[in-house]
Amino acid sequence: MFTLDAIPVSVPGLRAVRMTTDLLRVGMKEFHASMRIERGRSEWWGRGRVWTGGPGEIHLKQPGDVHRDVAHDGTMTYQAVVLPERDIERIRHEGKVVAHPHFKPGDERGLAFQRLHDAVAAGADRLTLEVAVVEAVEAFTVLRGATPDHTRPVRRAMEYLRERVGDAITLDDLADHAGYDKFHLCRAFRAQVGMPPHAYLTHLRIAWAKVLLESGLRASEVATRVGFYDQSQLNRHFRRIVGTTPARYASTRPEWRIQA
Numbered sequence: 002m003f004t005l006d007a008i009p010v011s012v013p014g015l016r017a018v019r020m021t022t023d024l025l026r027v028g029m030k031e032f033h034a035s036m037r038i039e040r041g042r043s044e045w046w047g048r049g050r051v052w053t054g055g056p057g058e059i060h061l062k063q064p065g066d067v068h069r070d071v072a073h074d075g076t077m078t079y080q081a082v083v084l085p086e087r088d089i090e091r092i093r094h095e096g097k098v099v100a101h102p103h104f105k106p107g108d109e110r111g112l113a114f115q116r117l118h119d120a121v122a123a124g125a126d127r128l129t130l131e132v133a134v135v136e137a138v139e140a141f142t143v144l145r146g147a148t149p150d151h152t153r154p155v156r157r158a159m160e161y162l163r164e165r166v167g168d169a170i171t172l173d174d175l176a177d178h179a180g181y182d183k184f185h186l187c188r189a190f191r192a193q194v195g196m197p198p199h200a201y202l203t204h205l206r207i208a209w210a211k212v213l214l215e216s217g218l219r220a221s222e223v224a225t226r227v228g229f230y231d232q233s234q235l236n237r238h239f240r241r242i243v244g245t246t247p248a249r250y251a252s253t254r255p256e257w258r259i260q261a
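The numbers in this note's numbering rise by one with no breaks, and the one at position 41 of the sequence shown is 42.
Hints are computed from structural coordinates only; laboratory data are not their basis.
Derived DEER-like restraints, expressed as beta-carbon distance ranges:
1) Thr225 to Gly107: 45 to 55 Å
2) Arg87 to Thr253: 19 to 29 Å
3) Val135 to Asp23: 28 to 38 Å
4) Ser252 to Lys105: 33 to 43 Å
5) His185 to Leu218: 36 to 46 Å
6) Arg91 to Leu218: 28 to 38 Å
Positions of the beta carbon are idealized from the N, C-alpha and C atoms, including for glycine.
From just these sequences and the hints, can you work out the full model?
Take a look at the structure:
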């Protein structure tokens, strides 16, 4: 079972959905977002470890985060709020990083996100939502110097893949850039990111393909731009990761694009 319903919000750039599912999903996140569990209990892998959570818990997501569901206890209902990208840009310019991806109910560090989710669920007015967004963005970050989730070689490898997403990349090139031998890099990358480098690159390419499809490009034009050999390769990976074809995705409602 899987349902996804948009939640109306009055702030430009802010998006929110309510998702109900009993499916176990694997994917890479494409947005800065806050997720709150509304119903059910779940166990999932992310950032190198297994997490468990239940109603009222907050989970923060960043582009590139890999999430793998391990088990659900009952049907899960989530509220997801995607933060406006213009506000996230300031985080990047100030060199801030996410330090705490998971907050239990009552954790003071998660109160700003609880207020944001409450405001979205209540259909709050624009000013209330704008204040909640600003507070959530501030709470989303800490000053530079926080302990990173990935070691330096893995971070360098991830950056290289993001910068060269449309290019043909060899493992030797990736290892040279990371400053690590390829055997250790593959082992560390899988352990810390949640998938091997080639799978991470495929998810990056699919994320870029979504952006190009949303801009109006045809699937036949998108394939080679994002590094696939041809449209059939794009179609195969797109259907496996997103659950639909590129053409159908391009015509879907915007809220469906949040979860894909």
